[in-house]
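K.L.:
Letter by letter, the chains look like this.
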Amino acid sequence: MSKSYYEFFCPVKVVAGSAALEHIPYELNTLSASRPLIVTDKGVRGAGLIDHVLAAFAESGMDVIDIYDDVPPDSSLKVVKDIARVYREKQCDSIIAVGGGSVIDTSKGVNILVSENGNDLSEFSGVGVLKKPLKPFFVIPTTAGTGSEVTMVAVISDPDKGVKMPFTSYFLLPNVAILDARMTLTLPPHITAMTAMDAMTHAIEAYTGMAKNPISDAYATSAIRKIAENLPRVLNKPDDADARLELAQASTMAGIAFSNSMVGLVHSLGHSLGALCHLPHGLCMNLFLPYVLEYNLPERGDVIGELLLYLAGADVYAHTPAHERGKKAVQVIRDMRDELNHRCKLPRTLSETGKITRDQLPKLAQMALDDGSIIFNPVEVDLDDALAVLNRAW
Amino acid sequence: MMQAKRVRVNPFKRPYVVLMMEVIGRSLEAASQVDERIQNEVRPLPDGLMFEMKVMPDGPALVLQKTGATGLKYLGRRPPRKPDVVMKFKHVTHAFLVFSFQEATARAFANDRILLDGEIAYAMKLVRCLNRMESLILPKIIAERALKRYPNLSLPEKMLGGARIYTQVAKNLIRG
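Protein chains in written order, with my numbering: chain A, 1 to 394; chain B, 1 to 176.
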């Protein structure tokens, strides 16, 4: 008997589709909550997205108690404490995060403080420190990429100490994730493309990584198909609500997949590049994805080849000999990136970013080796290997 | 109330894990004294960093601390303070699978057998130290089971590297 083993866990209720926002008051009510605090950022509020949420509350008999809209791009300890103060002063009983990764991570930090009645977030940093459920927590993603609405981690920076504090707990998972096309309809094309490639990378690394399992595979392959089919539709017609919803669902599905199967070398390199050059995470994923797949191809060609079906459809898959499917899958991703570069100027190589010099590559390779995701890459990576991938991505 | 039925367990499993914790702790200490690649991994770690590998909840353990510029000192089975980085096996069986080379360390991570607490970057360096040490001291046929990829080591490099670590372990034991 095989000694393989896996775990899969996702207790987040997904509320998705037409008029999904209007389900929030009911969902809060089922959790005995009625005084929500909305946490968001200036960009989301400026784009008018909070108005959709407020409209959903307007006829429900439930009010939003307050809106905190000053979350910065990098979530920080100070902001978390500030929001926790507002939550307590206004006697809120639940949190609704409306935004991308930073807003969601910040809200998770706030939920720790207000639920544990604490003031020092660092006391709760680490794995499994939280031992009981937190306050009702809803997430409305406004990008289709991070998958943070279904992950049990948060990273909050402490600028005074110059460290990033990780938090990992089942209790950080939101109670409800709301996917409503209205919330991503106005996302500009280049951000749509970057975040979609982030979700694509989550799904592909989950499917090809060491910790893959049958249940996360199902989520990953569905997500890949949805992104491959609907990203071109959205770029052709940005107000296509159906295609937007498909991308939002794909992002959540990819999030479920990678939070159970982890990610690999694309993320190790991407986290390092993001930290060193302050490039958006989705862009970093887009940069490294085909080069890492090529690195993994000799040992993982069969698994990568299976993805051709979801990336290019049944006809291409059937017409490609089995031993060539891995290479073909990588070629499809390269073609996709060329198209995104043509339409949105999304860089495909390190040199195209204009943000990094070649003499920084050894440092980048060393940083990637210290990233936790590297252990889940299906093929071992040493310093020379990482540097070789970076040179190919140059 | 029905009494929980007594079941037979492998009587060698726990003592074996205890022994292997000791062997790994002492071998890593010795390897950090003689192997340049391990020293290069240890050098960037903060002074005094304490690392614990343990079986949950309170099972066999090993504790190492960075001393000097590149050294790791084996402190025994109990940490004198809260360690900075902790690698926790969820069950003694999971540690046994890894220490009996039925499951590679990376596979154990992928199979959710191990929890990591503390700064991940430091943990990754220590995992690489462990991999390097195993590649030198274990016979190739066993090291291939313990590692994701067996490194490209020449026979003299492996023999000499392994011998230096074994000798250093002996010296450290004699010195106490």
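It should be emphasised that the hints constitute simulated quantities derived from the structure, not laboratory data.
These numbers were taken from a predicted model, which means no experiment stands behind them.
Please note: incorrect hints may appear among the correct ones.
[Claimed, not checked] Stretches of chain A that chain B covers, calculated by requiring three or more beta carbons in the stretch to come under 8 Å of a beta carbon on chain B:
{"hint": "1", "stretch": "30 to 44"}
{"hint": "2", "stretch": "370 to 376"}
[What the hints assert, rightly or not] Far from chain A by the CB rule (all over 12 Å, computed), these chain B residues:
{"hint": "3", "residue": "N10"}
{"hint": "4", "residue": "P15"}
{"hint": "5", "residue": "Y16"}
{"hint": "6", "residue": "E41"}
{"hint": "7", "residue": "T105"}
{"hint": "8", "residue": "N111"}
{"hint": "9", "residue": "I114"}
{"hint": "10", "residue": "K125"}
{"hint": "11", "residue": "K140"}
{"hint": "12", "residue": "I141"}
{"hint": "13", "residue": "L147"}
{"hint": "14", "residue": "Y166"}
{"hint": "15", "residue": "A170"}
{"hint": "16", "residue": "R175"}
Glycine included, each C-beta is placed from N, C-alpha and C at the ideal position.
K.L.:
Taking the minimum C-beta separation from Y16 of chain B to chain A, is that value above 12 Å?
P.N.:
holds (18 Å)
K.L.:
Determine whether the non-interface label on Y166 of chain B survives the test: each CB of chain A must be over 12 Å from its CB.
P.N.:
holds (25 Å)
K.L.:
For P15 of chain B, which was marked as not at the interface, is the minimum beta-carbon distance to chain A over 12 Å?
P.N.:
holds (22 Å)
K.L.:
Verify this label for me: I141 of chain B is non-interface relative to chain A, using a Cβ-Cβ cutoff of 12 Å.
P.N.:
Its Cβ never comes within 12 Å of chain A, the nearest being 18 Å, so this holds.
K.L.:
Examine each Cβ of chain A, and state whether all of them lie more than 12 Å from the Cβ of R175 of chain B.
P.N.:
About 33 Å separates R175 of chain B from the closest Cβ of chain A, which puts it past 12 Å; holds.
K.L.:
Does the claim that I114 of chain B lies outside the interface with chain A hold up, using a Cβ gap greater than 12 Å?
P.N.:
Not fine: 10 Å to the nearest Cβ puts I114 of chain B too close to chain A.
K.L.:
Classify the label on K125 of chain B as holds or violated, using whether its beta-carbon is more than 12 Å from each beta-carbon of chain A.
P.N.:
violated (7 Å)
K.L.:
Please verify that the nearest CB of chain A lies beyond 12 Å from N111 of chain B's CB.
P.N.:
N111 of chain B is in fact no farther than 12 Å from some Cβ atom of chain A, at 5 Å.
K.L.:
Holds or violated: is the Cβ of E41 of chain B farther than 12 Å from all Cβ atoms of chain A?
P.N.:
Contrary to the label, E41 of chain B does not stay out of reach of chain A, its closest Cβ about 10 Å off (not over 12 Å).
K.L.:
For the stretch 370 to 376 of chain A, count the residues whose Cβ lies under 8 Å from any Cβ of chain B; is that count three or more?
P.N.:
holds (count 6)
K.L.:
Once the closest CB in chain A is found, is it more than 12 Å from N10 of chain B?
P.N.:
Non-interface label stands for N10 of chain B: nearest chain A Cβ at 16 Å, farther than 12 Å.
K.L.:
Checking the smallest CB distance to chain A, is K140 of chain B really beyond 12 Å?
P.N.:
holds (15 Å)
In the structure shown, a violation is registered for the earlier hints numbered 1, 6, 7, 8, 9, 10 and 13, in ascending order.
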